[in-house]
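S.K.: Can you make the complete structure from the sequences, with help from the hints?
Residue numbers (the working numbering), protein chains in the order written: chain P, 1 to 308; chain D, 1 to 569.
Simulated from the structure, these hints should not be mistaken for laboratory data.
Backbone N, C-alpha and C define an ideal beta-carbon position, used for all residues, glycine too.
Hints are supplied without guarantee of correctness; some may be wrong.
Unchecked claim - Computed from the model, here is a short list of chain P residues facing chain D with C-beta under 8 Å:
id	residue
1	R208
2	T209
3	R227
Stated by the list, open to error - Chain P side only, calculated, beta carbon under 8 Å to chain D, not exhaustive:
id	residue
4	G18
5	A204
6	D205
7	A210
8	T211
9	A212
10	K213
11	G214
12	L215
13	N228
14	N256
15	D302
16	R304
17	I305
What follows is the residue order along each chain.
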Amino acid sequence: MAWYLVRRFLQLIPVFLGATLLIYFLVFSLPGDATAAICGEKGCTPAVEASIRAQYNLDEPFWVQYFLYLKGLLTFDLGTNFAGRPIAEIIANVFPTTAKLAVMALVFEAVAGVVVGLFAGLKKGKLFDSTVLVVSLVVIAVPIFVLGFLMQFLIGVKLEWTNPTVSGDATFTELILPALVLGLVSFAYVLRLTRTAVIENASADYVRTATAKGLSRRRVIGVHVMRNSMIPVATFLGADLGALMGGAIVTEGIFNVNGVGNTLYRAVLNGEAPVVVSIVTVLILIFCLANLLVDLLYAWLDPRIRYA
Amino acid sequence: MNGAEMNTENPSAQNPVAPLLELKDLAITFKTNNGEVPAVKRADLTIMPGETVAIVGESGSGKSTTALAAIGLLPSNGRVSGGSIVFDGEDLTNVSEKRMIQLRGSSIGMVPQDPMSNLNPVWKIGFQVKETLKANGLPSGPKDVAKVLTEAGLPDAAARANQYPHEFSGGMRQRALIAIGLACRPRLLIADEPTSALDVTVQRQILDHLETMTDELGTAVLLITHDLGLAAERAHKVVVMYKGQVVESGPALELLTNPQHPYTQKLVASAPSLASRRIESSKGTGRESDEVLAPHAEDLQTDNVIEVKNLVKVYKIRGGWGKSSDFKAVDDVSFAIKRGTTTAVVGESGSGKSTVAKMVLGLEDATDGSITFDGVDITSLGRKEMFNFRRRVQPIFQDPYGSLDPMYNIFRTIEEPLRVHGVGNAKSREAKVRNLLDQVALPASMMQRFPNELSGGQRQRVAIARALALDPEVVICDEAVSALDVLVQAQILKLLADLQSELGLSYLFITHDLAVVRQIADHVCVMEKGKLVEKGTTDDVFEKPQTAYTQALLDAIPGAGLMLPPEVA
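M.R.: Structure below.
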């Protein structure tokens, strides 16, 4: 087990190198001149432009730029963005908000998805099940920005239950609505996964045997159907945490959340390779760790899986 | 007191005690897309306290459905549509689910069929026993759990209780399930094919143990089985079901020796565990099969179509920290198959018999030793020679449900090997497929059907036709009839014997079922833990077994001891 953990952490190194290299290269290959974005419409003098180029190593070939970036990383210096703000500070500023948002969305989709999925699965073919299936299909099919704006308009503007946008403080109550929107599609997937697993497990031989032992229905479902049905759901949720962290661009845009998604979007538009790569790298590390966590959870849920 | 004693001592005797379970005119239907389909029609059955009653029938006869109805566990689309189930004076067809939960476990226990799928894989064995005790209001400390498991014959129960089902062998799992079934001392135990998934020797141990336990506790047993021999050996009374109806019932031996209903007669005649001697004699008086085989076996003594010499197969088992250990699945096995005869390799699961089959088929590389086919060592064949070799040696596998491609219709299934090997043109291939279907006694109209539209026996016929498509010299049957009901099994064995005499085929027959061996094989090799412990002609091995292991296997055939008295008499 210890050996397995060591191996999994060692695996992070090539993943880290490969991911940074690839992303750095993609941003490097973006068309357009980065200095133009800094100088704006008015333009800079050639001397200023040259000094900016020198400061950010923009004239160096790709490999040199990349290695200079890596060197900075090793000394915990992520550099600054084009506006001169340290990248480390940007990350420290926006990540907590997005993390809060992602975790809230994850809790929502996990709890609601499992509960609704369980009841739909147990009442397979009944009205509740059919309704839930149709609604979840609609949620998956309709683009998230449509649902987002719709909910913002109804709940935030018409009913005024909450602020339609999120302030700089990003308090818990303000984040509830964006978190619901962010978790909505995954909620539909979790629901469907749970439903399928419950239907499959509810007709398993060991569930019948459990009933034959004289257990109450509640215990049969709670102990024998639920744990087995959580195995595929856990896998999905782990992968989804990474997607929620990085994929909140649309939701953050709708609700004006100052989070990772918004910052990343602006950095890509400005061609600020160090910012993009730094943020994405953190996201990748979170994704890898979340997956490791899921694998461990998986082994706990299913004792047949043993890591060595 | 008097009544209780009578029950355990002499249950089948007439006594004034009320029956424990009484099914009257029981009808069960299943809701399907085509409306309500009857599964059980007018079933009657009575179990006295402490008595063992067996329901015998083939799959689909409604025997399991009947038993499940008695414990209120019909699948959600099934319902009791008529008649009554009276348990201890209480009609269970219209009691509440709450009352049913009270009865389950404490009054009616169940030992299910498949030990592999009936324990929840994610909970420890001890936990699964514990919750049974707890749910029925019994003390459920670790000691109580260990006691229950020990009673069911599980060694070292306290430590074993901390293991998960996948760390148990099939036999141990079944013991755990028996422990669960009897944990709360129910008055009736429903045992649904409790051992059909286990090796014969394990089967015998488990059944012996179950019998001892239920005798001691005075538990009545409703035993569900497809094996008439087993039923006759274990039960006081036997009920024969066919297509949802009880066709015959009565005391076990009487029913066996003097079956009244035509179906029971057929069942008795073809039950392999009972017929071992009889089939030999019919072979002796027999027609072409014996006439062709016997001279072959003597004339061509030197002509071995396959010779296996000192065959060894070692698997590496991965351990932790990059270590690995060797596991000898096959250890120094030698035997030969004479042309036109059948050699059977017998053994329990894990004995290495299927590994031998895979190596002879060239699907698995031998670690050491040689396999010669027609004088050529197949372990040294190149790709192209291997391709040609495959054409001459064909397999038939155990599971006719898994070994046919569900997306291929029957014509395409049988034609595929011909196409792969580039035999003939489209027209001649179709003629060949027709001819093959005819040989395996399937109508040509079947060509456009798909496997899911066929019964198990029909599928196995298709598998045989496919194996024969390339006119092989050797057919390797890996448990080819094990998954089939007895009647179908008898038909397929007869078909194989007929094809052998017709086409001069040689068979390598891999099986765990000695009763089948007796019906089909000329020579027998007995394997135990990778080693060949005994080989010889079928008659020699059956009549004068040389090793204790073979003797144990023979003794374990259900009903082996049972049929002797009437035959001797």
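S.K.: None of the hints should be skipped; say for each whether it holds.
M.R.: Hint-by-hint comparison with the structure:
1. R208: It holds, given that the least Cβ distance between P:R208 and chain D is near 6 Å, below 8 Å.
2. T209: holds (5 Å)
3. R227: holds (5 Å)
4. G18: violated (25 Å)
5. A204: holds (7 Å)
6. D205: Cβ of P:D205 sits 4 Å from chain D, so the hint holds.
7. A210: holds (7 Å)
8. T211: Holds: closest Cβ of chain D sits about 6 Å from P:T211, inside 8 Å.
9. A212: Since the shortest Cβ distance to chain D is 4 Å, the answer is holds.
10. K213: holds (4 Å)
11. G214: holds (3 Å)
12. L215: Nearest chain D Cβ about 5 Å off; hint holds.
13. N228: Holds - the Cβ of P:N228 comes within 8 Å of chain D, reaching about 6 Å at its closest.
14. N256: violated (45 Å)
15. D302: Constraint on P:D302 satisfied, holds at 6 Å.
16. R304: With a minimum Cβ separation of about 5 Å from chain D (threshold 8 Å), the hint on P:R304 holds.
17. I305: This interface hint is violated because 10 Å lies over the 8 Å limit.
Going through the hint list in order, the structure does not satisfy hints 4, 14, 17.
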